[in-house]
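With the hints as your guide, set chain B onto chain A.
Quick note, the sequences are listed as chains A and B, same order.
In this text, residue positions in the first sequence follow UniProt numbering: the first is 1, and each later residue adds one.
In this text, residue positions in the second sequence follow UniProt numbering: the first is 1, and each later residue adds one.
Keep in mind the hints are simulated off the structure, nothing from the lab.
Some hints here could point you the wrong way.
[What the hints assert, rightly or not] What follows is a set of in silico ranges between Cβ atoms, one per label pair, in the way DEER data are often shown: (1) B/S230 with A/A138: 46 to 56 Å; (2) A/L134 with B/F115: 41 to 51 Å; (3) B/G120 with A/L134: 46 to 56 Å.
Just so you know, even glycine gets a beta-carbon here, dropped at the ideal spot from N, CA and C.
Chain by chain, the residues run as shown.
2 protein chains.
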Amino acid sequence: MDIESTAQDKAGFFVGTWGRVKAKVISTAKSIKQLGQNDPRRLTHSLKVGLALTLVSLLYYARPIYDGFGESGMWAVLTVMVVFEFTVGGTLSKTINRGFATFLAGALGLGADYFASFFGKNGEPIVLGILVFLLAAAATFSRFFPKIKARYDYGVMIFILTFSLVAVSGYRVNELVVLAHQRLSTIIMGGAACMLISIFVCPVWAGEDLHKAVSSNLEKLATYLEGFGSVYFQSSEKDGNGNGKSFPQGYKSILNSKSSEESLANFARWEPGHGRFRLHHPWKHYLKIGALARQCAYQIEAINGCIVSDDIQASDEFKSKIQGSCTRMSAECGKALKALATSMKTMADPYSSANSYVENSKVAMKDFKFALKAASLENADLAAILPAATVGSILVEIVKCVEKISEAVHELSQVAHFEKKTVEATVSPEKPPQLLHRGIIQPVVDADSNDNVVITVHEIIVTDSPEDGMPIDQNQVPKPGKKWM
Amino acid sequence: MDIESTAQDKAGFFVGTWGRVKAKVISTAKSIKQLGQNDPRRLTHSLKVGLALTLVSLLYYARPIYDGFGESGMWAVLTVMVVFEFTVGGTLSKTINRGFATFLAGALGLGADYFASFFGKNGEPIVLGILVFLLAAAATFSRFFPKIKARYDYGVMIFILTFSLVAVSGYRVNELVVLAHQRLSTIIMGGAACMLISIFVCPVWAGEDLHKAVSSNLEKLATYLEGFGSVYFQSSEKDGNGNGKSFPQGYKSILNSKSSEESLANFARWEPGHGRFRLHHPWKHYLKIGALARQCAYQIEAINGCIVSDDIQASDEFKSKIQGSCTRMSAECGKALKALATSMKTMADPYSSANSYVENSKVAMKDFKFALKAASLENADLAAILPAATVGSILVEIVKCVEKISEAVHELSQVAHFEKKTVEATVSPEKPPQLLHRGIIQPVVDADSNDNVVITVHEIIVTDSPEDGMPIDQNQVPKPGKKWM
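Looking at chain A on its own, in the form it has when it is part of the complex:
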């Protein structure tokens, strides 16, 4: 009996453990599947790395055939592993850095060896030690320079490494030359395999990613702004204030987009022309648009803060007074951003459609100010008015920010030579909305006004770029006083 129950316990234990293990396996499998579905290029990338490594490894394995490489074949494997990055730009930057650094440091190392040999058997290690110390310290320090860090960090590391290896290898110079030749050729072999596979097998271009990331950020802002008015004002009719409303939270990812955008822009510089991008595509301009989009996202975050706060009961009467203008401000901003995003995606000149939306939003801004003036005469309880009024006045800031974004995208379209085709059909499938009832500017499509747009845009090209990483100072951006059409 006792034995039986123990056996049962044991069986139960195993069944329980098995169940847990099974659940764990299933959940892991699910998260793996999710990861692959979110971005199928991850799967492709993994297979590409496997392919490159297998090719190079087998070359190394088949050493007898390529006997020239000897032990150095190992370096090809090593190179593949450290050089293969997710994007083409990343791979190219690392490969080129590695190649040049190895060559340069190898030559310098040979020189150091030769130089040290003058100091005799005892002096040699001391001189070599000092040289390695000085060069390693100086090169390590140089890695703290932001520009070197961004572009040549890996190269400097490989430089120090190779120099030390060659300088203290203890081989004689003629042996070293053979060794260096072997290593360099295997590194080139590994690097070439990586470059070829990363460029020709389902390439992931950093530039294209940056292009998509920035335009999709504009779209996220647009989604928030387009829906904002109706959500904020509609549900407030039910519960009296802003609680429990669900606004799209997609814009939150923009708040911390700076570092990823910068690294993509750094990689994009190394990429050859691809698809619709030429070799010297103005990637820096994307950083500027990205910085402005973040600025806009900060404002939205502030609006969100105001909406969530629940201690002041908003006056519905006042809200209904500013509802029209606020809804239009945010909706027109949203449409402008969507048009700009589409124009970026299709690489078509933003044309006049985005401008007309911007103009409409500015008209709505004036309407908002009129509504304020009208409201103030009747309505006395400022505390009840303030929450909605604050939202409105942050929306005014957003209108200004969107205007700057529009200028920046126009500028990009100039510098990057976006196509100047009639994009009305693709850019703004919607009709000018029925909501608008005062001073609406219809999108202008005739060729003359086109040219005007081009010229005007050309005037306001600004030279500062947000390269130093700080969000653009609002004072430095040209004031939106120019006529757009």
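Just chain B now, kept in the frame of chain A:
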């Protein structure tokens, strides 16, 4: 004559070139000096890398003495170069990752070699190729998991590398064991040199850096808020609106602090106890405080946007009405943040001083609402009122945000066992300000109320942490309804 003038031209050219070169050299030297002065630890770090590399290189050079290592000595040099990071945590994480990954992958590689040997001379390379491909692809894919990416990215890379090298080396197993032993011991040697030097020679602790970064972020916010009221309201008396005012811009660096804080927290996990930090110091809590500080910085950015905008003339009369309460709101928030920052820096329990400032700021918030009510009866031009009122209502949001920060720091002080000494003297050297004239809560210093604080704080510990990278959802943070004292 002609020849003479050519010679003069040439001399002029050389002098000009020399001048340019000299200017360039001087400017480079200046920027190097600047870089070193900004953070002298950079210089120390460079010297440390030089030292480690020289030591290990000379060991490699003196191969005849340590003949056991043979060619593998090279791996010690390589290890130093790739493993030595700026912070102790970075170095430890990479060294431990590298050690474990090499050991594991070496063992697996041996197994793969043994397994493949069953398939005969022709089958072996095919089986090995398939194994390398599968393992490399799977391991590369695993690097996309955020958790693995954050902690074991380098380990996975070394794992793939070592496995490929060992599996396809073509050596027989008994040779391989000798080789693996040599490599592992040289890697351990290089790693040990790095770890020892990075821990014992002027160590840079990631944890301490994170601690300082977060508390100095709070200080930056405090600096802005403490000075805000006087700058905003004073100079407005001159030019009528917010243009041309100089607010401290230090807070801008907080906007993009997320990635650096996260990487520091990741490294800090690997560090042993150091200075005032125990082994399992709650580094995650710093990320939470950091996220709240960013939230506050977004609000300040929104205020800055409102101040810069120049199209609405603010009403000076209204401004003077809310001046007192707004100035106090921001000043008390600033003091609270400064007290919290000091408490973090000294690792002393924030005690009641920060609480009293928070309470004062909440009193000022109520004053602001009273001022609004009072103003609304007399003042009719809403458009003129709105800019200042918006600033005020964003300040209200900041008060709420500061309260959350205060809660988070209290929580940290609980979890990290900050000292509960009487810190009044160090934390708040200033007297309760003369400005406050309504309902001020004096800092409570007797022991009983202390205990109360501790208990209350314990109640509101929240379990969500901003680990997934999104700024904390305001809905998830417990509502500030609890009494603090």
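Which numbered hints are broken by the structure, listed smallest first?
-> none
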